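Asker: If you want the building blocks of each chain, they are given just below.
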Amino acid sequence: MTLDRPQRILRLAAVAGLAVLVVAPWMVSLYKVHVLNVLIINIIMAISLNLIMGYSGQFAKANVAFMGLGAYTMGLLVTRADWSFWIAWPTGALLAAAVGTLVALPALRLRGLYLAIITISFVLIVHWTFLHARFLTGGASGFSVPHPNYGGLPIPNTQATYYLSLLTLLGAIWMVRNLVASGFGRSLLCLAEQELVAPALGINVYATKIAVFALSGLLAGFAGGLHAVTLQFIDPQNFWLLQLVIQLCMVALGGVASLLGSVLGASIMTLLIEVLRAFKGLWEFAIGAILLVTIVFFPRGIAGLIEHFFPTLRERRHRP
Amino acid sequence: MTAALTLQGVSISFGGILALDNVSCEVPAGQLRGIIGPNGSGKTTLLNVISRIYPVSAGAIRLFDDDITRWPNHAVARHGVMRTYQRVALVNQLTVLENVMLGLHATRTQPLLGIAFRTSGYRRLEREAVDRSRETLEFIGIEHLADRKGDELSGGQMRLVEIARAIVARPRVLLLDEPAAGLSLVRIDEIAALVRRINGELGVTVILVEHVLNLVMSLCERISVLVSGQLLVESGSPSEVQEDPRVREAYLGQARARGHGHGPGKGDEA
Ligand SMILES: Nc1ncnc2c1ncn2[C@@H]1O[C@H](COP(=O)(O)OP(=O)(O)OP(=O)(O)O)[C@@H](O)[C@H]1O
Ligand SMILES: [Mg+2]
Chain A
1 MTLDRPQRIL RLAAVAGLAV LVVAPWMVSL YKVHVLNVLI INIIMAISLN
51 LIMGYSGQFA KANVAFMGLG AYTMGLLVTR ADWSFWIAWP TGALLAAAVG
101 TLVALPALRL RGLYLAIITI SFVLIVHWTF LHARFLTGGA SGFSVPHPNY
151 GGLPIPNTQA TYYLSLLTLL GAIWMVRNLV ASGFGRSLLC LAEQELVAPA
201 LGINVYATKI AVFALSGLLA GFAGGLHAVT LQFIDPQNFW LLQLVIQLCM
251 VALGGVASLL GSVLGASIMT LLIEVLRAFK GLWEFAIGAI LLVTIVFFPR
301 GIAGLIEHFF PTLRERRHRP
Chain B
1 MTAALTLQGV SISFGGILAL DNVSCEVPAG QLRGIIGPNG SGKTTLLNVI
51 SRIYPVSAGA IRLFDDDITR WPNHAVARHG VMRTYQRVAL VNQLTVLENV
101 MLGLHATRTQ PLLGIAFRTS GYRRLEREAV DRSRETLEFI GIEHLADRKG
151 DELSGGQMRL VEIARAIVAR PRVLLLDEPA AGLSLVRIDE IAALVRRING
201 ELGVTVILVE HVLNLVMSLC ERISVLVSGQ LLVESGSPSE VQEDPRVREA
251 YLGQARARGH GHGPGKGDEA
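Line order of the protein sequences matches chains A and B.
Heads up: the first sequence begins at 1 in the numbering used here, then just goes up one per residue.
Heads up: the second sequence begins at 1 in the numbering used here, then just goes up one per residue.
Hint data in this document are derived by calculation from the structure and do not stem from the laboratory.
The model shown is predicted, which means the values in this text are computed figures rather than measured ones.
Warning: the hint list may mix true and false statements.
Unchecked claim - EDC-like mimics (lysine to aspartate or glutamate), calculated; alpha carbons at most 16 Å apart, straight line: (1) B:K149 / A:E307; (2) B:K149 / A:E315; (3) B:K149 / A:E193; (4) A:K32 / A:E274.
Let the sequences and hints guide you as you build the complete structure.
Answerer: Here it is, written out as structure tokens:
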């Protein structure tokens with residue numbers, strides 16, 4: 001297939017961006033490696049949330065709880081049960097996916113505001129549990145998590161965890177890109193726009209919703225485990241409503257139903273928060289302002305603008 | 001002759017209003033059946049009941065040899081009942097081709113693992129889906145629209161795409177809800193020719209709900225007349241229906257109530 005000019009530029013930008021991410025850990029301070037690592041995890045979270053809110057149009061906002069479940073499960077199995085990170089991490093992600101299918105159940109019946117309220121309540125309950133099951137979780141003071149065991153890998157742990165996150169992100173992008181450019185992805189968009197029409201086309205709405213919630217939970221669970229080993233600490237405040245709002249902001253700013261949007265939205269938000277951190281209280285204001293301006297003036301976010309000016313960069317919905 | 005669709009005493013009520021009242025009828029396989037009736041008589045509700053969007057309050061629905069009365073919505077589609085909508089319902093984020101590909105969900109379950117890992121088996125499936133959808137667009141004569149978005153089309157084009165989506169999976173029964181509504185006379189003739197080909201060349205049983213009575217009279221072998229949720233005529237030839245005084249009365253009564261006239265055999269819906 002031949003690419004036109006905007007497509008070639010986008011591809012070039014992607015390769016350049018990836019190259020920067022690959023060499024960065026050896027060029028910048030450890031603190032900046034840490035920030036980039038968080039940025040990568042935020043992109044995974046934005047993709048996870050976009051699958052549900054953007055592609056499927058479901059007003060479910062439980063992803064930050066899935067992330068917490070992935071983090072706590074991994075952390076507790078490693079610190080309390082002496083499990084290897086390499087078993088505990090996917091276990092946490094699978095548990096988050098399983099809980100995701102449970103959260104899908106109300107989404108089978110409820111829509112819009114009601115689904116939002118139910119899923120936000122779920123976030124509150126999970127957070128409350130992290131806080132109050134002190135004998136297990138250490139309550140509000142959280143607990144430390146060791147580095148994963150990288151065996152004989154000849155690089156420092158911080159860089160190794162960074163590359164693990166990067167690999168996870170690449171895997172997630174590859175897989176989600178395959179899924180959204182398929183019959184499954186098209187049926188998600190049909191759910192979002194024409195929920196009543198979907199079953200009359202032979203789409204099993206229940207199975208589709210359960211699948212997308214499980215997938216979204218799985219990604220968030222993996223991201224949660226990575227987040228814990230990146231910070232080497234699990235703090236319940238990281239799985240709280242503020243993080244939920246930040247992630248919503250990433251999806252809205254980047255653009256709904258767009259992978260490119262999730263990457264850009266999460267990257268911009270993470271860097272912005274980092275830059276504004278120096279000015280106390282400013283970044284919360286900035287987030288609110290960005291969310292407001294985006295929703296009012298660019299309802300389809302940055303990706304929507306890009307598609308408007310370069311229609312050939314529209315995300316593909318079939319790739320035979 | 002086998003019956004494609006059988007309704008036995010089907011009733012449904014919305015908050016006390018009986019939208020369908022003990023409706024029984026039989027549509028033989030291969031027939032092109034018209035359903036007419038004044039506004040609000042329950043025609044769309046009848047299609048919704050057949051495609052199992054609404055559960056019936058009483059009665060039974062059979063599709064060929066299966067009792068589909070309690071089947072889930074998507075299972076009915078997968079057994080060959082596809083439809084269009086009075087208010088066109090395309091997915092605007094998808095192109096025309098991709099909208100038509102949606103219709104193929106009726107023929108297959110999506111292999112999630114194959115999709116996630118882009119296996120060769122899945123890619124073959126997707127190529128087949130593209131080919132079949134293109135063929136369907138060609139059959140209807142709108143292959144040039146394949147890469148347009150749903151919301152970049154005229155009203156008439158949208159209706160054609162919706163028909164393409166409904167026939168791509170080769171349904172056994174096709175339900176059309178006012179496919180000619182709001183179209184110019186030329187476009188109505190195109191729709192008529194298309195419906196005839198779908199019924200004749202593809203052998204699909206068609207149930208056509210339509211307000212444009214000329215269209216129904218010229219297309220359909222048998223016509224059912226629905227008035228206030230009841231079948232006034234279960235199955236009549238166009239001339240029988242046209243001459244039936246009760247049908248005239250039902251339409252004229254409505255026309256009188258609304259202060260302007262259109263009756264069977266003469267009017268087109270604006
Ligand atoms: N979901 C619903 N909830 C409540 N009432 C409904 C519902 N669907 C249909 N009705 C009622 O059932 C009756 C039949 O409506 P229906 O839409 O089937 O008529 P129709 O024959 O298709 O009319 P039109 O020619 O205007 O399309 C109407 O009185 C309508 O108000
Ligand atoms: Mg109607």
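Asker: Each hint needs a verdict: does it hold in this structure or not?
Answerer: Here is how each hint holds up against the structure:
{"no.": "1", "hint": "B:K149 / A:E307", "result": "holds (13 Å)"}
{"no.": "2", "hint": "B:K149 / A:E315", "result": "holds (13 Å)"}
{"no.": "3", "hint": "B:K149 / A:E193", "result": "holds (14 Å)"}
{"no.": "4", "hint": "A:K32 / A:E274", "result": "holds (10 Å)"}
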